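Asker: Place chain B on chain A using the hints.
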Amino acid sequence: MQIYGISERQTNAAELFEDFHRRMGLRNKISNALMAIALFEAKSESRNLTKYIADGLSISGVCVSILDDIAQNSSSYQYRDYTSKVLLDILTNRQKQDPDRKKLGAYKKGFSAAQKVFEAMQGKREPDQEAVKMADQVMQEIDKEIEAAYVSEENLYRGSFIPR
Amino acid sequence: MDRSFPGESSLDQIIISRIRAAVANLVNAREEIKKEGIKGDTDDSLKRLLEGIIEKVDKQIELILQEIQEIKREDVKRERSDRIHRNLEGFLYDVDLIRTASLQIPVELYYFTKAALGQLGHKDVKVAFISGTSLGTTNLSENLKNLFEFFEDICTYIDSAFPFYWIILTPPSLTMKPLNWPLIAHEIGHILEIEKWQFVKKYYAYPVAPSLYQRDLKAYYAQEFQADFVAVSYFGPIFAHRLLAIYDTGELVISLTHPPRRERFTAIAEKLQGMGFSSEANALRRIIEREEFVIGPAPIEHLNEIISETARVLEKSNSTYIQDCVEAEKAKNRLTRFAAYTDNMRILVNVAREVLEGILQSTSDPARKRELETDFDYLLIDSIRLTYIKQISQRAFSS
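The listed protein sequences derive, respectively, from chains A and B.
According to this note's numbering, the first sequence is numbered sequentially starting from 91.
According to this note's numbering, the second sequence is numbered sequentially starting from 4.
With the rest of the complex left out, here is chain A (with noise of 0.2 Å):
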């Protein structure tokens, strides 16, 4: 099928506010997994922590499995849902070059850490601090990676709207 050449780029105004806000969910989400580990860390009774908790442990988990099949069909990987996507921009420099093998393999070790972490909590058993540590810092990379590799989108979001 003949395509024209369409680009991320060429984003109408609604896909920019979808964008921002998916962004936003990601992000959110990810903020809500490094607070799991410092309230339990704190053993803090906030009625909040199951929900960071299984945010906590879906986000890893889905990472992994995003990450293992990039790892697996590095050339010919196709993003699935959002989170595919932001992972495979910050690994590819948004599909500029081939993913950086030794980023995947750090976010692949983290996130698995992660994993640990998080399915620990959840059965309220301690998590290894080693592990937590790692979880903590793959949250946290990956947190201002997005922030890095979208900021023209966030310009352009908030310039993109106008009341007339």
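Derived from the structure by calculation, the hints contain no laboratory data.
A couple of the hints might just be wrong.
With a straight-line Cα cutoff of 30 Å, these simulated DSBU-like cross-link-like pairs (lysine-lysine) come out [as the list claims (entries may be wrong)]:
#	chain 1	residue 1	chain 2	residue 2
1	A	K193	B	K80
2	B	K62	A	K133
3	A	K223	A	K141
4	B	K59	A	K141
5	B	K59	A	K199
6	A	K198	B	K59
7	A	K214	B	K80
8	B	K117	B	K50
9	B	K80	A	K198
Pairwise CB distance ranges, derived in the manner of DEER restraints [stated by the list, open to error]:
#	chain 1	residue 1	chain 2	residue 2	range
10	A	S165	B	Q276	28 to 36 Å
11	B	K205	A	S165	28 to 36 Å
12	A	D218	B	K205	41 to 49 Å
13	B	Y206	A	E135	47 to 55 Å
14	A	D171	B	L106	35 to 43 Å
15	B	K204	A	E216	38 to 46 Å
16	B	E35	A	K133	36 to 44 Å
17	A	R191	B	Y216	16 to 24 Å
18	B	I17	A	K133	51 to 59 Å
19	B	K204	A	A239	26 to 34 Å
20	A	E231	B	Q72	20 to 28 Å
21	A	D218	B	Q72	26 to 34 Å
Just so you know, these numbers come straight off a predicted model, no measurement behind them.
Built from N, CA and C at the ideal position, the CB exists for glycine as well.
Answerer: Same frame as chain A, but now just chain B:
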């Protein structure tokens, strides 16, 4: 030596006081919405949605702040504070955007859209219009939920009270020209596919971002063919006419996620033929037959199934536009005399173009032409408003 400023707060205190101030801004916005309302929000549903969210944030924020105080790590406190500010700011931006960018939208465009959604059997789908740089649509309920991942109750509240709230972005060239309003039916087609039918999704996953993947282009094209099918079924020839006009004039931006022109109009002509509008279908074919096919229909393997399923639900809602020569003649006569026609919005927009062309031929003076066209736009807007009011009052009297 103590290097702190006099009265310097701890990190917790600074974070907490700034977040409380941000929430106070939201509460102020709620008061403004309460006082002024939102243009076009005739049943106050959008007002209730936004007020409800702000009320819940105001109630639940103390728990979130308490969590920040409970944790020991300063980097996580700062990260959490940053996220909360970005979310509240994002929401305030959305609220301001909806309030200001809806000011230019005529309330009659809401009536026009509500009438269409009602006839298509989906009165539960709510739409807010905002001015934008291009025509497009996005799910407001889903977008807002992304901003409130910290507040579980808000997501549940949106899901239960307002699950089907959509935004349609409209550029001024559409908003100010009622003859272009049938193009909204194409956007309604997209909304109903995503929110209700999911016939395309059965075969092609919806793309998560504009992409080069052939898989995603198939999904885009299938959705566009389907939306054209909905719009032409519902509005008849006027949809094809206005779509062709915007292709020719460039009045609206048509993004590259749409199928090529010849393929789109070939499908539209086929549908018009099936609806009994043979002369319009043939005229359309004559215009496009000189152009090349770029993709042809074959690469979207499941397009026929998607269109058949869409046709079935449209038949069920009994919403297909039917040619009514007597009523069309009545509409033409009234509009020619600059008298509002108030019986059927679809007949109104279908005959309006022809009547306007006749009126414009009556003078060669460009200033007079412009004046007549503006007056005619007002006449159409009045007719749409009066038709809507008539429908509502008929319903009230019959119940």
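Asker: Taking the earlier hints as the rules, which of them does this structure contradict?
Answerer: 5, 6, 10, 18
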